[in-house]
Every structure is written in structure tokens, then in C-alpha cells.
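Engineer: If you want the building blocks of each chain, they are given just below.
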Amino acid sequence: MQNGIGILLIFLILTDLLLLGSSRLRNAIRIAAAQGVALGLLPWLAHGHLTGAALLLGAGSAALKGVVFPALLNRALREIHVRREIEPLIGYIPSLLIGTGVLAAAFAFGARLPLPWESPSPLLVPAGLFTLWTGLFLIMARRKAITQVLGYIVMENGIFALGMVVVEAMPLLVELGVLLDVFVAVFVMGLLVFHINREFDHIDADQLDALKEGVP
Amino acid sequence: MGVSAASWIHPVLALALSPLLPGVINRVKAFFAGRNGPPLLQGYHDLWKLFRKGGIASRTTTWVFRAGPLVNFACLLAALAVMPLGAVSAPLPFDGDWLLMAYLLGLGRFFTVAAALDTGSSFEGMGASREVQFAVFAEPALLIGLAALARETQSLSLSPIYAGLAAGGELPLRILLGAGFFILYLAENCRIPVDDPNTHLELTMIHEVMVLDHGAVDLGFIQWGAALKLWVLGALWAGLLPLGALPGPLVRLAAGAGAILALAILTGMVESVTARVRLLRVPQLLVGAGVLCALGLLLTFR
Amino acid sequence: MTLALILLPALAAAVAAAIRSDRLRRALLVAVAGAHLALTAACWIRPPVCAPDAWLGFDAAGRLFLGIASLLFLAVAVYAVHRLGAESRGRQAEEDTGSLFVNAPEAVHTACLLAFLATMTLVAASRHLGVLWVAVEATTLATAPLIYFHRQPRSLEATWKYLLVCSVGIALALLGTFLLVVASAAPDGTGGTLVVRELVARGTALRTPWLKAAFVLLLVGYGTKMGLAPMHTWLPDAHSEAPSPVSALLSGALLNCAFLGILRAHSICGAAGLGGFSGNLLAGFGLLSMGIAAAFLVNQADYKRLLAYSSVEHMGLLSLGAGLGGAALYGALLHAVNHSLVKAALFMVAGNLLAAYRTKQVARTRGALCLLPVSGALWLAGLLAITGTPPFGTFASEFTMLRAAFAPGREWMAVAALLALAVAVAGMARTFLGMALGPVPDGFEPAGRRERLAAWGPALVLLTASLWLGLWIPSGLNDLLGHAARLLGGCAP
Amino acid sequence: MFVHYAMPLEGIYLFGLLAGALALLAVSGVGSLLAGRWSERWAVVLGAGGAGVACGAGLAGAIGALLCRVDLTVARPWRMPYGEFRLGLDPLSAFFLIPLFLLSGLAALYAIGYFRPWKGRNPGRFWLFFNGLVASMALVVAARNGVLFLAAWETMTIASFFLVIFDEADSRSAHAGWIYLVATHLGTALLIGLFVLLGSGAGSQDFGTYAAPAGMAGGLFVLGLAGFGTKAGLYPLHVWLPEAHPAAPSPVSAVMSGVMIKTGIYGIVRLLVILGTVPGWCAWLVLGIGAASGILGVLFALAQHDLKRLLAYHSVENIGIIALGIGLGMLGVHAGMPVLAALGFAGGLLHVLNHAIFKGLLFLGAGAVAHATGTRDIERLGGAMKRMPWTGAAFLVGSAAICGLPPFNGFASEFLIYMGAFKAILGSGSAALGGVTVVTALALIGGLAAACFAKAFGIVFLGEPRSAAAAAAREVGGSMRAPMAVLAALCLAIGLLAGTVLRAMDPVVAMLAGNPSTVAAPGAVWVLMPATLFGVLALLLGGLLLLAALRRRLLAGRANRETVTWDCGYAAPAASMQYTATGFAQPLTQAAEGILRPRVESQLPQGVYPASGAYHADTPDVARRMLFDPLFRAAAERLGQLRWLQQGRVHWYVFYLVAVLALLLGWALWA
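Residue numbers (this note's numbering), protein chains in the order written: chain U, 1 to 216; chain E, 1 to 302; chain V, 1 to 493; chain X, 1 to 671.
You may find that some hints are simply not true.
As the list claims (entries may be wrong) - Each computed DMTMM-like pair below joins lysine to aspartate or glutamate, with the alpha-carbon atoms no more than 25 Å apart: (1) E/Lys53 to X/Glu562; (2) V/Lys360 to X/Asp170; (3) U/Lys212 to V/Asp96; (4) E/Lys49 to X/Asp170.
To be clear, the hints were calculated from the coordinates, so they are not data collected in a lab.
Please work from the sequences and hints to get the whole structure.
Structural biologist: If you want it as C-alpha cells, here you go:
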């Protein structure tokens, strides 16, 4: 079990680094999907035994993040003919360097937040935080609106990973509500991306800067 | 020395003798100029003549124009009621009476100025403007000087002040205030070096130009008022002399009147030896008077 | 009762989406709003009893915020019906850029409005932090389409920013919620809980570092939604681009919901003996928000953005009051009520001005008092109310908070707050007066043009309510405020 | 004292009268607004009638309360945080209520005629705010609870604010209104701090429980001085005054300048009562500010050529004189010189009453002139005396009174302050110095004021009209004349009966000068207002009548001719040849150029036969130009620099989130 979860978390971190370095949107979507599926296993691995709730939840999130979201995003990609993230606000190499730095920080934070009980894995908190940060970074450092949606999903993955450790404190209903919200959020974002593409003939979020304070 | 029958003599004396003062001054000036000059009693002749003439006034004017001379004259009458002479108490003394006196002069000035502006003449407007300007500088000097006297004699009414002063007191103080009050006397009465009462160029006049349009009775009251003003301020100055030593109120009154006449002679002399200063210099002159009075006040802080 | 309050608008939303006839749908909107307010009133008069560990139920704080939301919604519903009636069907030109656009289908709009009410009710009702999170995120999702009612680039951009920034923020709040479970769990990892009452009861048993981290995440997350600087950046865009009725609801009701979330977290920290920690954070964010907002209020060129920044400032004031604690918390709750009333009214008046002048530019809006006598007068009254001038209620609440702030050792907070308020007054007064006074610009119909009752009625009602709260606080409200303040760790003055 | 402490019953009656007046004001204001939707006539009847009756009742109540020395407090619960309806009526309040109701009532009567030309607008809008203003002012004076006071205080501000911007189509009113609103708001901010600190000791905001935290009395007094001084118009916080007063309709200017700014003085005095003792330097501060306000106020007045602006600056001057009086009083209390204290406070407070009367009169007069000619520019007026004899006579009385000339009321109050100063001078060291300061300042102010009103009255009312509008002026109607007549009569009456007025004021003075026994003892206040003084004044008037009679006799039966003004031989005197206001004041304004910094546009005559020449001097407020405007501009610039925060990129917005989060988490977990 320990190894299983350890491997899974390593996988999580590596995929994050991949995301930081990948310019092809299609790849990025695949990676995120893979994360989602992997996370679906997490509750099971984290608690050894298989409660119905954990199963349902894992399956649900895996399905959502592994199938629905990629389908959504790929469809969007097809509609708007965007292949890749061209000249991101922060280049790939710097992104990776920063990423490694933040990974270290994540471990530091993890050390500051020791799980009160014997943790399924010491990697859990750092990996979660790092994934969360990766998502945020994608939102901050990439131009395409669709990449930002992706970033949001990755960020959700990170939070989900951290959430799994407390799965049985979270009532199933609430967890489902959370999943529903995330789904609708991503769905609406996707819709907006369509609209942006239609209105502006591009989906470069950094060019959406009509609303700002003119200096008097 | 409180209010006595003698107190009432001073106002009468002032009314009677004041027309003499311009005559005296002119006579002295004439003497210095080597002329005979007008008779001493010319002032009385003028009044007699003016009070018997028919009036003439500008169409522009209103009742303010006619009220001016009367108010001014009434103010001086009231001022006489609080003005002691020769250390003889005034008829109606009270604490702070000098304030009333100063402000009565102010009231008179205000109405004279108003009357001048009522004609709408630019000359008289000019004179009025200068009059109020000089008053701004003269007022503080006068009050500071009186404050010095009050502090010196520890009393708040002219009569006790001058009574106390007559009994003795600081010589330097008397000299400083004497000089200061003399300048005020010249300025308030529009004498040389501040103003030239018998010039014939309107642009240079102050007091004379303000009364250009007045005639007959009004002019009479103006001239008499001017003479009274000479007297009142003269009395203010004369009080600084140590007349208290003299015996009996009547003698002291006589001495006071004599002092006022002497001041008139002095004025005549000054007028004949000095020239009129430039209008821009006048404020400096008055500020100088203020400084003298302030020094006097400082002397009392010891 | 509780469920009815939540389900009524939710179902109505579904129905509204299906209704074809505009007239019917609008009638439904107003009717549901009225019914909801009636239920709310009933819930105020006889609070429904609920099990201690129930997830849903209205405690004092919940009832307070429910009341605000419900009252505002009715007023806005009436106004919105008027505005929708005035909206043109086909393509129309955007006020300032002149770009052509069409409106989103009105059915969707109405449905979203009702859904928005449902989610806000859920927020007020939730006593379980997980449910709270779901509800708050749901409000975001329900409002995004509302902001994008005018299908034009600027509002699209605003919607994108709103959705992205708020979703990210609230996601952080979710993480905070999880950490709270860890903080509350027993050593063996079981027994973690998210029921607020339960958490408060456990008090100091909660794990400090986890609780601290949780609070920071919740504060940043919900603070984003509440519009605390520097996470407020989405707010001016969304408020200025949304149709005025929606702006009114966002500013008056939505921000409060987020504030409620923060208050819940704060009360837990207080119970755990970390009141100082959370209090200082709240006060700090409060002052920062007030300062930054004040800076943007000076020489603000767009009057809807102006109102938005003013909301940021008042959210800062609320946060400051909550942070100061004690009677200031009472003041903050009272101020939440007052601010909602006034700000909603102002946004509705702004809507009238926008409709009349066809511009949001302050520079091109002159002589409102002559062009729209009623709206112009309300605009000035709103200025006085929003700047905390007695006898408006805002003064009472601000005075209560300032009085608490003048405690020894932290007078500087009171001074800083007063300074920010003064800057805000100077900035807003110049803009508002310039708009209200002066001659009507050429090309506009002269004064005396009739204004529809529906256009100014709701604003007048809300402002009057605020005025009334400045003259006399009804005992019912006073008790409620007191209870809520005590519940959240404060006290009544 | 003739009447001893009142039976509570009387007090209750008087109090009821007051409360009734307040209620009536509120009701009639709202009623007038509603009635105005249907009939202008009824709006005026309701509004003016309500104001008139209420002010009458209030005046009666206030005078009664002062004479009976009522001192009682009534409290009703008020569900406001820290709030309570605690109203009090003591000599101090009663005294301030007297001018308040008097002037407001007369202004209401005046307004009827003043607004008659404004057809087609709901007059209720005016009456709502006017009656509201009066009511709130009365409430301010009667309030005994901090929250209630502040509420009334700000209501007063709002009401007057709406009256200032009453002419909403005038774009300048926006500017005036802004300055006014901001200034008063800043003042109120200070007051909030003051009241909170005063109440911090006791848990309540009840004046009775107020107490200064140890060692903070001085600081609190400064706080109050700044807060109340903003409303009162003390230099340099007066900047709103010369903007707002001219912008407001004249009856409102009269009330604002005559009464409303006095609530600031009331606040300062009430604060003195609450604090009990303040450090000595506070007295000096008040003296200094008073002197500055007085001298600078009158200097700037001298340089104005908008009649109402000129009067506004004179309000600054007179507030300065009042401050001088109060400062002397504080000095007296501090130096243990009860008579000095009594004189100072008595003079200051009497000047409050007097200024209300003559400044009200002057504003109403100025309003009448503007009403008749359509202009307030002195340079375009002239010859009004012939056309508006009533207004002219009233204005003349007001001018003499404001210059402190006998026998009018201004002289009485300035006399007291002077006497206080001289008492101080007779005394020792520091007090004497204070005395000298006051004497010098007052003397300077007196001279300058005389110059200024010689100009204001002389140029506006005398000579020939300087414009067609001025030539076409007609006397105003009875409803506008009557108030001016009443006020003019009061100027003279108080001037001659000041002693009696002072007797009535004795309990007020006793509250401030402390230790009533010394004040009430012989040799106290009114003894220093000696009967002889009034004897001399009577002599003055008698002499005047006598002289007038004499003149008539002398001129009887003689030829009295009329002709043109003597013009140095120039055949056709024209109105444009007259001295202008600017020219009249020029010697003095030039002397004070360094302070006034006027903007001069002059076109000197050119050539041998100059075709034209012009001289125009404009004197905007220096405190505003040199202090506040640059300050506000700089602040706006600094704040504007923060705008890059909102530069439109959503990436940055998310970055703010992340940065804040990282910082706080770090701080939470490590610190």
C-alpha cells in the first residue's frame, strides 16, 4: 500500500512537471486526464479498505477528470483550431526551474503541516500543494484561455489529492456537490472560451485588457 | 478729584475757544512767512458768515450727505463729555471712557467719509480712501498709548488717569507719548506734514477735499468740528503735562487751555518749517507714532 | 421551512427557464421574490428549530443575511422587470464603445436570477462548511451568465475575469475547508467534522497550525469573493459591465454571503483561542481594502466602477469591524445591512442614469437633477448615505465600529480608517455633485421628463429603510444583531 | 439676580414650548414639500407659517428659560448604539437659542418675498431644508448625547448643503457645495474622534458622563477647536465659507452666517464646560487663532468686490473677535482673574448675539440689493440709497454696528472685550501680554472694518449707479423690508441697553467664568458696562437731534439750491468718473499685498491721448490657493499612481492571490 501511494504521488509530481514543460495543448490535456484517473485510485490506496463512498467518489472523479473534461477541452480545441501554447508569458525552461524551486517550498510547507496520524505517505501534502501550485502557475503564466481552464482543473486535482486524506469526514453528498460544482465551473469556462473565440477571433486571455483603470 | 461743577466748564470752554485754534496756527505760519496773515478771530467770522448762508448741494446726494457734518460734530460734543482738561475731571467719566472717545472719533470719521462718497465725486472718493487708510494706522497707536497710561496709573478712565499723571509719574513715558500723541494730533487733524489744509490742488488733499461740496451751515459745522477736534486731541496731549501741581481747578483749566493754545502755536511752527510728506510715507509716520506709544507701554513693564 | 426557502427559487428557476411568455416569466420572478420575502419574514418571526448538528438551518447570523438577500432581491426583481421591459429586443449599440450586441435570452437571465437567490439562501442556511463552500461556488456559477447578459466583448471579458479569479479563490477556500477537517480530526485521523457548531464546541482542541493554515486559505478564498483588496480585482469589472439590477445584487447580497463564510471561520478561530490571529488578519485586510479603494475612488471616470470601488471600501470596513471584534462586530453586521440597502439603491439609480445618458462616463453625465429630478435627488441622497452621514443608518454602524477602534493601543486603526473614509468622501462627493448639478448637456430633453415609478420606487424604498435604521433600529433587528454578534464571538454595544 | 431658580414646572412648560417648536418645524417642512406638489401658495403658507410660529414659540421659550435660569435635562431611550434622546436646556443653550430663533424667523419672513419671482418650482423644496436647518440647529444646541449631537450636527450640514446648492442649474454651485461638504465632513471626522475619546472613560455618550482621559484635556480641546472651528470658520479652516455663503440664497446666507456658524462657537464653549479646566496654552492658542482670523478675515473682505463674498469674509473676522473674547476668558480662568474671565466670556458671547443680528441684517440687505439689481458685483452698483431708502438706511445701521461704532450693539460687545484686555494689561506679566495682543488686534480690525464698510456702503448705496441694472433698482417689498427694520432697531436697542442684556446673560457667563459669586458680586460684568456710558450715548443722540433742529432753523427761509457735484470744472460728470471699490481699497490692499496676493490685470493708459485704461484686482483665498488646493492635488496624484494595480491582465490578478496566499501561509506557519 505504502509503495502504491508513494508511486502514485511521484506520478502526480512528475505529471505536474510535464505540464509545466509541455507546449502542445493536446498533450497537456492528456496529462491532466491521467492525473485525474490516478487520483481516482487515491482514496482507495489512502485508506486501504474500500468503502462504498470512497469507491463511488474515486470512480466519479476519475470519470469526470479522465473522460468528460478531456472530451470537453478537445472539442473546444477542434472548434477553435488552436494547437499549442505559442510563446507563453513565462518560457518552459524557466517554468521548470521555478517549478523545482516551488517543489522544495512545498516540501517545506508539508514539513510544517504534519499529519496528526501516521500519514499514508510523507509525500502527500507536498505533492498536493505542488499540483495546486502547478495549476495556479498555468493560469498565471500561459496566454490561452483554454490553458487557464486546464490550469483550473489541475489545481482542482491538487486539492482533491489533499482532500482524499479526509475523505470520510466529508459527507458523500457534499463531495458530490463539490464534484458537481467543479464540473459546472469547467463547463461554463468552456462555454466562455467559445464565446471569447467568437467575439475576438482568438483566445489569448492576456489580450482581454479593455477593462482597466486609465491613469488620469 | 471727582466730578465737580468745574468739570462742566471744560466743554463750554472748548466750544467757545476752539475756533481760535486755526486762527492761531495760521497766524504763526504767517509770522514765519513774514506776512500779517488773517486776524486771530477769522474762524469766528467764517462761522458767523456760514451760518447765515443759504445751502447748496449736489443732486446726487442724499440725507447721508447732510447728516455727515452733524454726526461728526455731535460725536465731538460727546467726546468732550469724557475729556478731562488740566487734571480737572471730565463731567461724565467712567471706566473705559477713552474707548468711547476713540470710537466716537471713528463714528464721526465714518460719516464724514460717507458724506464725501455721497457726492460721487472722484476727488472726494480719493480723499475718503486716504482718510480711512490713515485711520487704520492711527487707531492702534492711540489705543496702545492709552494702554500705557492706564498701566502707569492703574486706572481705566481718562480723568483719574490724567489726575494720577498730573501728580507726577515717569518723565520718559510722558516724552514718548507726548511725541506719539503729537503725531496723531497732526494726522487726525490733517495738518502738515500729513495733509496741507490750505493747498489748492485737490489731488493732494485729504480732509479738505472731502468737504468740497459742503456749503453754508454744513460747512460751518465742519469747520467748527475740525476746530473742536483740534481741541479734543490737544487736551489729550496737554494732559501729559504736569499741571496737577497748580492750585485750584480754575487755574488748572486755564493752564490746560493755555497748553492747547501752545500746542497750536507749536503746530504752526512745525507747519512752517516742514513740508508735506509723500502720501506713501504717511503710514510710516503713523507707524512711527505707534512705535513710540508701544515703547511707552514697554516702559511700564518693569 | 428551511428547505422551502431554498427549493422555492430553485424550482422557480427551472420553471422560468421553460416559460415562453416574457410577461408570465416576469410575473413569476416578482411573485417568487415576494413569496421568498414572506417566508423569510415568517422565519424571522418564528425561527425554525433545527437539530444541533444539522447541516442546514438558520441561526441568527444566517437569518440576518437571509433577510438582507431576500429584501434586496424583491426590490431588484421589481426594478429588473422594469429594466427588462425597457431593454430593446434586437441588436443595440454598447453605451460607450458603440459596438453592436444582442442580449442573452431573457429566460436564461431570469432563471439564473432565481438560481442565484436559491444559492444565496443556501449560503445563509448552511451550517456545514462543506455545504457552505458548495453554495458559495454555486453563487459564482449562477451569476456568471447574469454578468454576460449583454452579449458584448466588454461584459464577456468581465465575466471571464470574474469566473476565473473567483473560481480560483474559492478553490483555495475548499482546500482550507479540508485542512479544517484535519485540524479537527482525532489523533487516529477519524472524527473530523465541518459542522460549524461542532467546530466551535471543540474550541482549543483544534490543531493550531492546521487551523491557522485553514483560516488563511478560507480568508483568501472567500475574501476574493467578498472583494477584499488585493483580491478585489474582478469586482469593478463585473459590477460595471453587468446590467444594473445584477450589479445591485452582486454588491448588495453576494459580497455579504462571502463575508458570512469568513465570519464563520473567524468564529471558529475565536473559539480555538486564535481570535487575535484571525482578528488581526481581518483588520489588516480591512484597512488595506479601505485604503486601496479610497485611492481608486478619487477622480474615477466611470460611475459604476466608482460604486464598485465603494463596495470594496465598505467590505474593508466590515472586515475591519469583524477583526476588531466586540461591539465592532455588531457594528459590522449593522453596516452590512446598511451598505446593502444603500449600495443596491445606488446601483439602481445608476441604472436610470445610464438609461437616460447612454454613458457610464462621469464627464458626460451632467445636470441629473434637472434631467431626472427624482433619480438625481436619490443620487445625492445615496451619496450622503454611502458616506456615512447621519441621519442615515451607515453613520450609526460606522460610529459603533470607530468607537470600538479607539481602544487604547489601536487608535491608529481608527485614525487610518477615518482618513480613508475622508478621502472616499472627497472623491465621491466631487464626482456625484458634478453629475447631479449643473445644466443639462445639449441634445437631451429638458427637465420635467416623467420617470416611471418602477424605476425609482425600489431605490427610494431601500434608501428610506436605511434612513429609518439611522433614526430607530427596530427591536427585532436589534436583538437579531445582538444574537448574531454573540454567536460570532462579538457582543452588543 | 431678579429671578431665582425656576420651579421645575416652569422649566417643563418652557421645554415643552421648545419641543413643540422643533416638532412644528419638522412637520411644516415636510408638509410644505408635499403641499408644493399641488399649490405653491400653500407650500409657502405652510413652510413660512410653520417656521414663523415655531421660531416665535422657540424664542419665547429660550428667553423665558434664560430669565428663569432653567437648567434641566430630559432623556428618552433611543434604540441606537450609544444613542439616547437626551435633551437639555441650560442658560448656555438658551442663550444660543435666542439669536437662532430670532434670525431664522425673520429670514423666513424675508424669504417669502425673496422667492416670489421664482415661479414654477416647488417652493416646498426650499422650506423643507430651511425648516430642517433651523430644527437641527436647535437640536444641536439642546443635545446632551454625543450620538444625538453628531446626528443633529450633520443634519444641519446636509440641510444647509442642499440650500447652498439650491440653484442646481448653476454649475458653480457644484464647486461650492463640494468644498462645503468636504470641509464639514473633515470637521465632523475630528468631532467623532473627540466624542469617542470623551466617552471612552464612561461607557456612554451622555454629556453628563463625559470626562477627558488624564492629561488629554489639551489635546481634546485642540481636536474640538479644529472640528468646531471648521464650522465656525476660524482661519485657516474657513475656506468653505467664502464659497458657500455667496452661493446660497440670501435668507439662507443670513442664517448660515448669522447663526449656523455660531453652533461651532457653541461647541467650543460647551467643550470648555465639559472639560472644566484646560491648560493655559489653549487660551493662547485661541487668542492667536482669533487674532489671525480677525485680521486676515477683514483684510480679505477689504479686497473683495462680490458683496456677499465680502460679508462672508467679515464673518471670519467676527468669529475671530468672538474667539479673542473667549480666549481672554480662558486666560482669566487660568490666571485666576474672575473679572477678566467674566469680561472675556461676556464680550465674546454678547458678540455672538450681536453678530447674528447685524450680519443677518447686512446679508438681508445685500440680498435685497442683489434682488433689485440682479448683481452682487460692487463695481456695477451705486446710488441705491436714492432708489432703496429703507434698505439703504438699514444697511447703514448694520455697517456702523459691524464696525463697532457707538451707539450700536457692535460697540457694546467690543467694549467688553477691550475692557477685559485692559484689565489684563493692568494685571501682571503674561495676562498683560495677552491684553496687549487683543487690544492691538481689535484696534487694527476696527480700523480695517471701518474702511471696508465705508467702501461697501459708500460704493453700493451712495453716488450714482454704475450700471443700467443699478439704475433700474426699486425698493423691495414689505416682507423683505420688515425683517431688516426689526434687526436695525435691535442693533440700536442692544447698543443702548447692553447693561440689561448683560444682566440676563449673567448665568451663562457664570457657567464659564466659574465661581459665580465673584461674577455676581458688585464690580462684576455689568458694572463694567457703566450706566454713564449709556448716558454719554444718550447725549450723543440728543445732541444730534438738537443739531438737526438747529440746522433746519438756520436754513429755514433761505435759498437752498441743487446742482451737479463740483467736478473741478469738468462740464459733464459721468457715473464712470466715480471712485471704484477697488480704487477705494487699493491703498490698503497694496499695503497688505504680501498677504493678499491679488491677481491684478491692469492696462495702463498709453500715449498722449490714452484711449482706454483698466485695472482689475481679483483676490481669491490664499489659504485655499497656497495650502488646500496644492494639498488635495498632490494627494490625488499620489493616489492616482496606484492605478497600475488594475491594469487589466487577469494573469496578474491571479498572481496577487497567489502572492498574498504564499505570504500569509508563510507568516502563519513560521511566524
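Engineer: Run every hint past the structure and note whether it holds.
Structural biologist: So, going through the hints one by one against the coordinates:
Distance check on the hinted pair: E/Lys53 and X/Glu562 sit about 14 Å apart at the alpha-carbon level, within 25 Å; holds. For the given pair, V/Lys360 sits about 23 Å from X/Asp170 by alpha-carbon distance, which is consistent with the 25 Å threshold. Note on U/Lys212 and V/Asp96: the hinted pairing holds, with a Cα-Cα distance of about 14 Å set against a maximum of 25 Å. Restraint check for E/Lys49 and X/Asp170: not satisfied, since their Cα atoms lie roughly 61 Å apart, outside the 25 Å limit.
Taken one by one, the earlier hints fail for this structure only at number 4.
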